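Numbered by this note's numbering, the letters in the sequence shown go through residues 1 to 134 in order.
Be careful, since some hints might not be right.
Distance windows between CB atoms, simulated [said to hold, decoys possible]:
no.	residue 1	residue 2	range
1	20	54	27 to 37 Å
2	99	74	26 to 36 Å
3	12	79	17 to 27 Å
4	95	13	29 to 39 Å
Since the hints were derived computationally from the structure, they do not count as laboratory data.
Because the structure is a prediction, the values reported are computed rather than measured.
All C-beta atoms, glycine included, are put in the ideal place defined by N, C-alpha and C.
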Amino acid sequence: MEPYEKFIERCAGASLLVNPSLSESFGMSLVEALATGTPVVATRVGGMPGIVEATGGGLLVEKNDPAALSDAIPRLLADPESSNGIGRPGAQRVAELYSWEKLPSRPGTCTIRLSSSTVHGLESESALSLSAGP
């Protein structure tokens, strides 16, 4: 099994994913965990607040705040029913917001399209076209 598949398998079996990053561009690990129905606790950095707020799949804490982090983790772990109530809808929202079918229609999304066409007078099986959002 590849490392990525192991990560997804472990997320699916986890009670919670904690991402206490000080800096993060997007937060793909949150999307991956949420896709399996696993709730998350993450810091308010980079794109992570947008993911957690859009999906409702977890709790956010300020970065460099270990007290808030140590409060949020047991809060979700202590109540599995509540935790599942966050994780399942989070998985549904991830499927709605981040599926391959939905991404090209989201503002600010960069899409690469491959098609058969002629480029510079040559037949090409994979001509590249790049577009940014709708």
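Hint check:
no.: 1; hint: 20 with 54: 27 to 37 Å; result: violated, 20 Å
no.: 2; hint: 99 with 74: 26 to 36 Å; result: holds, 33 Å
no.: 3; hint: 12 with 79: 17 to 27 Å; result: holds, 20 Å
no.: 4; hint: 95 with 13: 29 to 39 Å; result: violated, 19 Å
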